[in-house]
Every structure is written in C-alpha cells, then in structure tokens.
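Asks: Let the sequences and hints guide you as you build the complete structure.
The numbering of the sequence shown is numbering that gives the first Met the number 0, which starts it at 0 and goes up by one.
There may be inaccurate statements among the hints.
[Stated by the list, open to error] Pairs of lysine-lysine, PhoX-like flavour, derived with a Cα cap of 20 Å: (1) Lys138 with Lys116; (2) Lys114 with Lys138; (3) Lys77 with Lys7; (4) Lys114 with Lys51; (5) Lys51 with Lys116; (6) Lys77 with Lys138.
Don't read these hints as lab results, they were simulated from the structure.
Bear in mind the structure is a predicted one, so any value in this text is a computation, not a measurement.
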Amino acid sequence: MGVISRIKEDIRTVFREDPAARNTWEVILCYPGLHAIWSYRIAHWFWRKNFKNLARFISHIARFLTGVEIHPGARIGKRFFIDHGMGVVIGETAEIGDDVLIYQGVVLGGVSREKRKRHPTIGNNVVIGAGAILLGPIKVGEGAKIGAGSVVINDVPEYSTVVGVPARVTLKKIRRISGVDLDHNKLPDPVIEVLHRLEKRIEELEKKIER
Numbered sequence: 000m001g002v003i004s005r006i007k008e009d010i011r012t013v014f015r016e017d018p019a020a021r022n023t024w025e026v027i028l029c030y031p032g033l034h035a036i037w038s039y040r041i042a043h044w045f046w047r048k049n050f051k052n053l054a055r056f057i058s059h060i061a062r063f064l065t066g067v068e069i070h071p072g073a074r075i076g077k078r079f080f081i082d083h084g085m086g087v088v089i090g091e092t093a094e095i096g097d098d099v100l101i102y103q104g105v106v107l108g109g110v111s112r113e114k115r116k117r118h119p120t121i122g123n124n125v126v127i128g129a130g131a132i133l134l135g136p137i138k139v140g141e142g143a144k145i146g147a148g149s150v151v152i153n154d155v156p157e158y159s160t161v162v163g164v165p166a167r168v169t170l171k172k173i174r175r176i177s178g179v180d181l182d183h184n185k186l187p188d189p190v191i192e193v194l195h196r197l198e199k200r201i202e203e204l205e206k207k208i209e210r
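Replies: Structure follows, in structure tokens:
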C-alpha cells in the first residue's frame with residue numbers, strides 16, 4: 000500500500016471509530032493519536048533501515064507533541080487507532096494486529112531488562128479501554144476486550160472480555176457482529192457479581208432458618 004493510500008485509510012479509520020469526527024481537515028489537524036501513528040511509521044521506517052538514533056529522536060519529538068510514546072521498534076498493523084491518546088506507551092517489542100482500538104493512558108509495557116521479547120502481542124480487532132496496563136510478553140487473542148483500568152499480566156483468550164486488577168476473564172467467545180465497540184458501561188464486574196451471589200445465598204439461608 001502506498002503512502003497516500005495508507006494516509007487515506009488512517010483518516011477513514013478515525014471516522015469509523017470516533018463519532019465526534021466531523022470533517023477531514025479536523026481529523027488531519029486535531030487528532031494527536033493520528034499524528035502519533037504517522038510519526039511512528041516514519042520512525043519505524045528509519046529503525047528498519049538501521050538509523051536507530053534518528054528513529055528514536057523522531058519518536059521523542061512525537062511524544063513531546065502528542066503525549067503518545069511509541070517505540071520505533073514496535074510492530075503495528077493496519078487501521079490502528081488511538082482515541083484521545085494522552086499517556087499511551089507502547090514498548091519496543093510490542094506487536095499490534097489490524098483494526099485495534101486503544102484509549103488514553105494505555106500501557107503496553109515490559110517486565111524484563113533482557114534484550115528479548117518483553118512486551119505484549121495484540122491480536123486483530125482488539126479493544127483496550129482507558130488506563131489499562133498490559134505487562135510482559137503476553138498474548139491478547141483476536142477480538143478480545145480489555146476493560147478500562149485493568150492490569151493484564153496473563154494471556155487473554157480470543158473473543159473474551161477481561162476486567163479487574165489483576166484482570167480476570169468474565170466473558171468468553173463473544174464474537175462481535177460488526178465494527179468495534181467497547182461499551183465501558185456494560186463491562187461486567189466479577190467482584191460485584193460474586194457479592195450479589197453471596198447476598199442471594201445469605202437471604203436463602205435466612206429464610207430457611209426462619210422456617
């Protein structure tokens with residue numbers, strides 16, 4: 000895909016993912032997440048050509064301008080979108096598939112100082128909620144949803160939803176019919192669900208005692 004085609008695809012992705020986008024000029028001028036992706040692609044090109052200092056400098060400038068830090072060594076697929084963007088950090092060995100959507104404050108971080116694979120691998124069509132932290136060389140399966148504020152330290156099955164600290168799987172094999180949606184307000188809370196079950200069980204036992 001040529002440079003112009005890729006730019007047009009990125010702009011279409013913004014319109015697809017953000018209902019607040021009104022026109023092309025607004026998208027080009029006012030979306031720091033988009034600017035961060037474009038800067039990353041330039042830096043990644045230089046990284047692959049072994050101009051690593053220049054690549055790091057470009058990513059450093061992009062971080063200053065956008066609030067998004069993407070290491071030029073990371074590998075990112077097509078139609079990747081960062082909504083709002085501020086505070087996003089993507090490490091050197093992170094791998095991100097196609098059609099991935101992430102929100103502000105997301106961290107794809109490492110847990111090792113060794114020069115090896117130490118950052119997450121994200122499958123296609125994944126949604127990562129605001130403030131979520133994913134640590135280590137874990138794998139997030141295709142179509143998975145990561146709840147806002149979750150801390151993920153283990154692999155996530157495909158088409159599942161994880162929430163909490165540490166994150167736990169709450170839904171499995173829920174395939175998305177079309178598009179990408181996170182529905183922050185509809186994500187299940189496993190702790191609350193357990194408390195509700197305990198409360199119901201206590202009520203049942205109290206009734207038995209009364210009888």
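Asks: Taking the hints in turn, state whether each one holds.
Replies: Tested hints:
1. Lys138 with Lys116: holds (12 Å)
2. Lys114 with Lys138: holds (18 Å)
3. Lys77 with Lys7: holds (12 Å)
4. Lys114 with Lys51: holds (16 Å)
5. Lys51 with Lys116: Judged against 20 Å, a Cα distance of about 18 Å means the pair holds.
6. Lys77 with Lys138: Roughly 18 Å separates the two Cα atoms, so the pair holds.
Comparing the model with each earlier hint shows no violations; every hint is respected.
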